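Asks: Spelled out from the first residue to the last, the chains are:
Protein chains: 6
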Amino acid sequence: MIESIPSLRRIIRLALEEDLGSGDITTDALIDPWISGNASLFVREEIVLAGLPLFKRVLQTMDSQIEYEEYFNEGDRVSAGKEICLLKGSLSSILKGERTALNFLQRMCGIATLTSRYVETVKPFGARILDTRKTAPGLRWLDKYAVRIGGGSNHRFGLFDGILIKDNHIAAVGSITRAVELARRKAPHTLRIEVEVEDLAGADEAFKAGADAILLDNMALQQMHKVVQSLKGRLIIEASGGITLESVLDVAKTGVDVISVGALTHSARTADLSLEVIPEAANSS
Amino acid sequence: MIESIPSLRRIIRLALEEDLGSGDITTDALIDPWISGNASLFVREEIVLAGLPLFKRVLQTMDSQIEYEEYFNEGDRVSAGKEICLLKGSLSSILKGERTALNFLQRMCGIATLTSRYVETVKPFGARILDTRKTAPGLRWLDKYAVRIGGGSNHRFGLFDGILIKDNHIAAVGSITRAVELARRKAPHTLRIEVEVEDLAGADEAFKAGADAILLDNMALQQMHKVVQSLKGRLIIEASGGITLESVLDVAKTGVDVISVGALTHSARTADLSLEVIPEAANSS
Amino acid sequence: MIESIPSLRRIIRLALEEDLGSGDITTDALIDPWISGNASLFVREEIVLAGLPLFKRVLQTMDSQIEYEEYFNEGDRVSAGKEICLLKGSLSSILKGERTALNFLQRMCGIATLTSRYVETVKPFGARILDTRKTAPGLRWLDKYAVRIGGGSNHRFGLFDGILIKDNHIAAVGSITRAVELARRKAPHTLRIEVEVEDLAGADEAFKAGADAILLDNMALQQMHKVVQSLKGRLIIEASGGITLESVLDVAKTGVDVISVGALTHSARTADLSLEVIPEAANSS
Amino acid sequence: MIESIPSLRRIIRLALEEDLGSGDITTDALIDPWISGNASLFVREEIVLAGLPLFKRVLQTMDSQIEYEEYFNEGDRVSAGKEICLLKGSLSSILKGERTALNFLQRMCGIATLTSRYVETVKPFGARILDTRKTAPGLRWLDKYAVRIGGGSNHRFGLFDGILIKDNHIAAVGSITRAVELARRKAPHTLRIEVEVEDLAGADEAFKAGADAILLDNMALQQMHKVVQSLKGRLIIEASGGITLESVLDVAKTGVDVISVGALTHSARTADLSLEVIPEAANSS
Amino acid sequence: MIESIPSLRRIIRLALEEDLGSGDITTDALIDPWISGNASLFVREEIVLAGLPLFKRVLQTMDSQIEYEEYFNEGDRVSAGKEICLLKGSLSSILKGERTALNFLQRMCGIATLTSRYVETVKPFGARILDTRKTAPGLRWLDKYAVRIGGGSNHRFGLFDGILIKDNHIAAVGSITRAVELARRKAPHTLRIEVEVEDLAGADEAFKAGADAILLDNMALQQMHKVVQSLKGRLIIEASGGITLESVLDVAKTGVDVISVGALTHSARTADLSLEVIPEAANSS
Amino acid sequence: MIESIPSLRRIIRLALEEDLGSGDITTDALIDPWISGNASLFVREEIVLAGLPLFKRVLQTMDSQIEYEEYFNEGDRVSAGKEICLLKGSLSSILKGERTALNFLQRMCGIATLTSRYVETVKPFGARILDTRKTAPGLRWLDKYAVRIGGGSNHRFGLFDGILIKDNHIAAVGSITRAVELARRKAPHTLRIEVEVEDLAGADEAFKAGADAILLDNMALQQMHKVVQSLKGRLIIEASGGITLESVLDVAKTGVDVISVGALTHSARTADLSLEVIPEAANSS
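Protein chains in written order, with our numbering: chain A, 305 to 589; chain B, 305 to 589; chain C, 305 to 589; chain D, 305 to 589; chain E, 305 to 589; chain F, 305 to 589.
Chain A on its own, in the form it takes in the complex (with noise of 0.2 Å):
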C-alpha cells in the first residue's frame, strides 16, 4: 500500500531527476530503445524484503510496458543467492532506470533485516521495537514503513501527529503537570500525551498529571525497572537513548512496553541485492 501514498511521487521524481538528468548518455549512444531484455533481481545476503512495490513503481515511471514476475512477497525473509524478481522489457529502459530503483530498494530491504534482529531479540520480553524521527531527510515514509515490514512499529511520523513533550517543553512551562495540562487542552482528543522523563519522580508526576506515556530518555536500567515496578500497566513506558542490538535484551528484561531505536533508520546498512541484466540475444543462446 506503501506505493499509492500521493506525496511519494515527488521524492520518486526528485531521484529519478537527479540520476537521469538530460538522459543516460552511455545507453542512449550505444543501445536502440527498442531492444529488449530480461533482469533477474537477487540477493547477496540474507534479507527481510522490503520495497518491492517501489521498486515497481520507480521502474514504471520510467517505462510503463516493463513485466514483473514476483517470486516473494513485502516482508518475506529470503536468503542469499534466491531470485527476488524477473523483469522482460526494453533493455534500455532497465538500465536507466536500475540504479535509482535499486537505491530505495536496498536502503529499504537494510532497514527491515536490521529491525527484524531486533524484534527477534526482545521477542521473549513482549517489547515493542519502534523508530525515531531521525530518518533520511525526505525518506522518512518509506524508512518508516520498511520498519513495520521488519516487524516493528512506528512512533509518530513527524511533530504533527504524536505529542512529545521533552526536557526543552517542561523547562520553558515550569513543570510537568504543567505541560501535560497545557498539551491536553490544547490537543485533538485523538493523540495520546507523552512525556520525556528522567527518574522515578519525573515519572510519577508525569502519570499523576494524566500522561498517557512517558519516554524514559538514556536512563540507568536499574532505574528503569524501578519505573517499570511503580507504573507498569498505568501508562505506557518507553525506553530510548543509544540503544544497540547489543543492550536491547537488557532493555527488554526491564520490561517497558516500547523501546525505541534511531539506529533502524540512520544507520542500517543496506541490503546487498543486484539487477543482472541479460540482452535477449545473450538470453536465447
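Be aware that a few hints might be false.
When chains are identical, the list treats them as one kind, so a pair holds in a single copy or across two.
[Unchecked claim] Each computed DSSO-like pair below joins lysine-lysine, with the alpha-carbon atoms no more than 30 Å apart:
1) K360 <-> K536
2) K557 <-> K360
3) K512 <-> K490
4) K536 <-> K512
5) K360 <-> K530
6) K360 <-> K490
7) K386 <-> K512
8) K470 <-> K490
9) K557 <-> K470
10) K490 <-> K427
11) K536 <-> K392
12) K392 <-> K360
13) K427 <-> K536
14) K490 <-> K536
15) K392 <-> K530
16) K360 <-> K386
17) K386 <-> K536
18) K392 <-> K557
19) K470 <-> K512
20) K470 <-> K360
21) K530 <-> K386
22) K427 <-> K557
23) K512 <-> K392
24) K536 <-> K557
25) K530 <-> K427
26) K392 <-> K427
No lab work stands behind these hints, which were simulated from the structure alone. No experiment lies behind these values; they were computed from the predicted model shown.
Model the placement of chains B, C, D, E and F on the given structure of chain A, informed by the hints.
Replies: Showing chains B, C, D, E and F alone in chain A's frame:
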C-alpha cells in the same frame, strides 16, 4: 557553495514538510513563539564537519531571524565534546527545525568522516577515493558534497555527466571496440569514456579502442596488478566492487589511480551530534 | 504560528497564480508601481478575527515592502465598523493582492466566528466543539486553524494522525472487538483509538475492547444520554452527525465530552470585511 | 471538460496529500487492499449535480481500477434520495479517497444548486447571473465551473482576463474618461472595458469615453433604473454589491443586463451527499 | 512589473536548474566564493532594452547580495557599445548566473527590438502591431511583455482570455452566425468576440452576427482593402498570416486596425549583449 | 528517447498551463468534447524533422485517446508540402493542444534544419558542429536534442557536466597552468578539461598543463591555422565566436576539430508547419 544549488530547495522543503506537516503540536501547545533561547550544537565523537551551511539553510527556511556563531569550518576535524556552533533565536523555531536540520547534518558528517578514513588509509599510495551512484534517493548532491569535504573525489553525478560502458552495453553492441567507437561518435567531447573490464584482455582492448579510463570491477588483486603494470599512465585505472576499510589498502598498493567505494554513501553511520537547547531563563541564571 | 507552516506555501501560490495569471491588466494599464497609498482593513459586522498573519503573508509574497499597523490580535472579537489594520505601500501592489488576501481572511474569520457561537452555546455544559474533515480542498490546515482561533478544538487532521474505526471497517473485519485489537496492534502508540458506534451495545463492546474514545453517529438524544450514563469518564464520548446551532445545546446537555460539527468548515458564511484603498493624493488632502 | 484543465492537477494533489499524508492508518490496519466493495453515491436533498467528473478524477488518482456506473449527468437536477453513481473496486481505495472526493463534489453541487435558484428567480427578466472573484483560494476554476453548470455565467476569471476599472483606479488617474482611454491604449483588443460607477453622471461619462460595460456598485434601485433607462442597449449594464436571493428579483426588474453575486461562491452551503460503502460480503448476502 | 508575476518563479527555477544542475564545476574548482568582482553589461548592436528587471531577478535568485548600477530603463533605445548596467558582488555568483540571466535578457531584447521595427514601419498609418501565441514554450508571458516594451500590443495571452472563432469552429457548428451566437451566450461578458474570416461575405456575416472583431487570415491586399472600406469603424479589423517587415507596410496601408505578426516571438534573433567580468585585482590596477 | 526524460514533464506542464489557463473558452463554447475529427500535420517548407515524439506527448497530456499515423521518422528530411503525421481523436482536444504542441515542434524542427545546413557545409573537412549554452530558458534539453537530430553534436549541457576554463577563471587564479592543475585536482575524472585561449602561446601553455581541449575564442583564421598546425591531434581544438553559415566553411578549412555555433539555438527561425484540422463531417463527405 553547496547551499546555493538551486535544486536543493526541493529536498529541503520535502524534509521540512514531512516532519512538520500541519505543525508541531507539542511546541505550539506549550511555547509562545516570541520566547527566545540559545542552542549549542556539539559533537559526541570525533568527526569531519560537513553540511553546516545546509544545517543553517534548513533552519533559515523556518525562521530567518535565528543567529549563528560558528566555531568550526567545513572540513575541519572536530574532536568529541566540542561545540560547533551556537544558535540564538526563537525557542519555538529552533525546536521545530532541530530534528530536520540535524538529520541532514548528521548524515553528511557521517559520510565525510568515513571518507576521510579511507582517504588517509590510501594516502601513501597516491590513489584517489571516489564515491558511486549508490546514494540515498533525493540526496545525491549532498552525499557527494560530503565525500568531497571528507577528502574524496566525485565519480560522475548521474547517467548524464559521464560515460561508463558496462558489460551489458558491451554485450548489446558486440565488443568493447565497437562500444567505445559508438560512444565517442555520439557523446559530448567534454566527457571522457570509461569502460568496465573484467580482465587484462578487456583492458587492452579498451585502451586500443581509445578509452580514457577503465573500471576493474571486482577484480582479484593479482589481476589488478597486471593491468596496472601494463597500462599505468596510459589511461586512468579505477578499482571498484565491495571495497572495505580493511581491503582498501591492498587495492591501493596495486597502483590503481582511483578507487570507488559504494559504502561511503550507502552505509555510512550517521555522526553523533546533538543540539542542546537552553531556554533564556535557564541561560540567564 | 500558522503562517510558518511550510506546506502553506503551495496554497498561497496557487491562489495568487489563479487570480493574477499573466498580470493585473487594469492596474498595470492605469497605475505606476511607484505610486504609494494607504489601505484600511475594516469589518462590517461583528467577527472573531482569524487569519491576519496569513493575510499579511499573501500580500508580502506580492510585495515585501508593504507596512502594517495592526489594531487587533488573532482571536479578538471585533465589532462592526472597526478598523483591523492599516496598510501602507505601493498602491499597485495593494490592488493586485487585495482580493486574494481577503478571500483567505474572510473565509477564516467566517469559520472562527461561527465556531465561537457554538462554543459559547455549549460552554455551561463543558463540552468541547470539534471540527471534521469536511473542509474546502487544499484549505484543511487553514480551516482547522480558524476553528482553534474561534475557541474550538481540532479533530484529527487527516487519515494519518488519528484512528477512527467506522462501520465499514467493522463490517470488513467482523466485530468491534476484532477491529480495536487489530488497530492497537498496528498503530503508533502515540494515537488513541476511536470507534464509531450506533447503540449502547456497540459502545460497551468498544469500551471492553479497549477503545479510548467512541463516536456516537447520528444517535438519538435519549440513546446518547444512556451511553453517557454508562461510560462517562471511562473513555471519551463524541457526538456527531448533522448538529446545528439549534440542536447543539441539547446534545451538550447529554453530557458528551466532545461534539464535532461539519458545518463549522463546510458551510460557514464568509465574514464581511473590506479593504478601503486611499490613494496618497486623496489621503493628503 | 473541467477535469482536463491542466492546472487542476495541483489542487487535486494538495487535497489528497492533506487528507492522506503518510497514509490511512485505520484502513491500512484493518482492511487488505485486495478486498473489493461497492459504494453508492446518493443525495439527501434536491441538488443540481456539478463536479462528478472531478469526483471520479480524484478517486482515479488514488486507484485507476475503480469502475463507475453513472445515472445522472452534469447539470441534472437530482431529487432527494436518488443514487447518482455506483462505484466498484478496492474497498480500501474507496475508503481512502471518499472524503476528499466528496469535499470537492459537495462544494460544487452546493454552488450549482444555489446558482440555479438565482437564475430561476430572475429568468422572467432576462438578466444573467454572474459570479465574482470571491472564491475559495485555490478553487477559483472549480467554483466558476459550478456556477456555469448551475446556469449562471462567469465574470472574469482573474485580474488577467478582464478590465474592470474601479474607483481606486479612477481616483489614481483623475477621471473616468482618462482611465478608459489609458486602458484602451494598453489592453489587448480582445477584452472589453468595464467601469465601476456610482451614479448616472459616472455612467454617462463611461459611456462617452467608450466603455463597453459599466458596473453599478451598491446602487439604489431607483438610481439603477435611471441608468438603465438612459443607457440600456448602448453598453452592458451590471449590478453588483450584496445582492441576495431576496433582493435579486427587484434588481432584475430594473432591466440591468447582468447581476453579479458574490454569495454564489463565498457562502454557498455544501450539498448533502453521501457515499454508502457496501463491503462485498454484505453485498452478496 | 513583469518581475513580480507569481508564476514566473517556475520558469526562472527551471532555467537555473538546467544550467547549474549539481553546481558549476569549473568555477567551484577555481574561484573562492568570497572573491568579489565587477561586471559590465553592454550591447554590441543597437537594441530596445527589455528584461532588465528579470535579468536582475535571475541573478538575485543566485545571490541576493549583488548590487546594480543601472544606466538605462526598460524600453530605452540603446546604441551599440553602450553599457547598460554595472554589477558588483561575488565573482563566483556572477559567473554562475551570467549565462542564464543573459539568455533571458538577450531573447527579450531581441523581441522588443524587432517589434519596434514593425511598429515604426506602420506608424504613419495608425495600425497597432500585435503578437500571437507562437511563443517559445514556457516563455509566453516574457515574450509578450517584450512585445509591449517594443511598442507593440498583446493579442490574447492564451485560449482562456480571448474568443477567436476559427474556421474549424465554424465548420463544426455550421455557420459564422451560429458560432457567434453560441460564443456570446456562453462566454464572459468581459471578452470581445473575434471571428476569423476568409472573404468579404464572411466579414459581413460576422459583423451582422454581432462580432466585435474580425481576423483576415492570409487575405490578399485587395480583398483586405474591400473589407476595410465596408466595415472600418464598425468592428475591429485584424490582418494576420505570414506578414514580414517587407510586407507589413502594404498591409498597414489597407487601413486595418491591428496587424498580428508571429515572427515577433517565434523568429526574433537574440540581441547581441555581453557581460564583461572584471576580477577585483584586474580592476584595481 | 527524448520524451522519457523525467524533467521534461515540468516544461510541458508550464507550456500547457500558460496556453490553456482556465480552459479554451472558444472551443468549450462551440464544440462538444465527443465530436471526433482528423488533423493532418504537414510542412510548408523543406525541414529536418525533430520533436515528433514530444509533439505527441504534449497532446497525450491533454487527451490520451488521440491516435497517430506517422509517415516520417525523427531526423528525416521532409520536403515542402508533405504530410508528417495524421491525428484522429476528439476535435476539441486537438484544437486545445494544437498550438502548444506546434510551438515545441516548430522550434525543434527549426533548430534541426539550421544545424543540418551547418553540418553539410563543413562535412568535407571533418569538423563537428556543436551547440552552446545559448538556448531558450527552460528548453535547454530540447534545443540540444534538436541539434543532435540535425546531425550536430552537443557541447556540455550546463555548468555541471563539463569543465571550461574561461579568461575570467584564468585571471582569477593567475595562469592557465595553475587553472588546469586546480581543475584536475578537484573535478571528476570522468570529465575532460577544456581551456579558452586567445593565442598560440595560450594554446601551448594549455597543452603543456595537460588540458584535453582548447577553445579558440573569436580568433582570426590565420591564428587558428597556426594553432592547428602546432597542436592538431594532441588535444581537441574548438573554434567558437560569432560563426555564421557564411563564415563556417573557412573556419572548418583551418582544420579545427569542432566548431560551436550559438546561432543554432539562439536564433534559428521556427519551421513552417501546420495542423489542418478536418471535422468528421467534412471528412466523410
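Asks: Is it within a copy, between copies, both, or neither that the alpha carbon of K360 lies no farther than 30 Å from that of K490?
Replies: between (42 Å within a copy, 25 Å between copies)
Asks: Could you place K557 and K360 in one of the four classes (within, between, both, neither) given a Cα distance threshold of 30 Å?
Replies: neither (41 Å within a copy, 41 Å between copies)
Asks: I want to check one pair: K470 and K360. Are their C-alpha atoms no more than 30 Å apart within a copy, between two copies, both, or neither?
Replies: Classified as between: cross-chain Cα gap 23 Å, same-chain 40 Å, threshold 30 Å.
Asks: Tell me, please, which holds for K392 and K530 at an alpha-carbon limit of 30 Å: within, between, both or neither?
Replies: Close neither inside one copy (59 Å) nor across copies (38 Å); limit 30 Å.
Asks: For K392 and K427, with the copy left unspecified, which applies at a CA distance of at most 30 Å: within, between, both, or neither?
Replies: neither (40 Å within a copy, 41 Å between copies)
Asks: Measure nothing new, just compare the shortest in-copy and cross-copy C-alpha distances for K536 and K557 to 30 Å and report within, between, both or neither.
Replies: within (13 Å within a copy, 37 Å between copies)
Asks: Using 30 Å as the alpha carbon limit, work out where K470 and K490 are close: within a copy, between copies, both or neither.
Replies: Classified as both: same-chain Cα gap 17 Å, cross-chain 25 Å, threshold 30 Å.
Asks: With 30 Å as the alpha-carbon cut-off, assign the pair K530 and K427 to within, between, both or neither.
Replies: Within one copy, since 22 Å is at most 30 Å while 43 Å is not.
Asks: Treating 30 Å as the Cα threshold, decide for K427 and K557: within, between, both or neither.
Replies: Close inside one copy (10 Å), not across copies (47 Å); limit 30 Å.
Asks: Between copies, within a copy, both or neither: which fits K360 and K386 at Cα up to 30 Å?
Replies: So K360 and K386 pass the 30 Å test inside one copy only (18 Å; across, 42 Å).
Asks: For the identical chains here, do K427 and K536 meet the 30 Å Cα criterion within one copy, between copies, both, or neither?
Replies: Within one copy only: 18 Å inside, 37 Å across.
Asks: Evaluate K360 and K530 at a C-alpha cut-off of 30 Å and name the case that applies: within, between, both or neither.
Replies: For K360 and K530, neither the intra-copy (49 Å) nor the inter-copy (41 Å) Cα distance is at most 30 Å.
Comparing the model with each numbered hint stated earlier shows that hints 1, 2, 5, 7, 11, 15, 17, 18, 21, 23, 26 do not hold.
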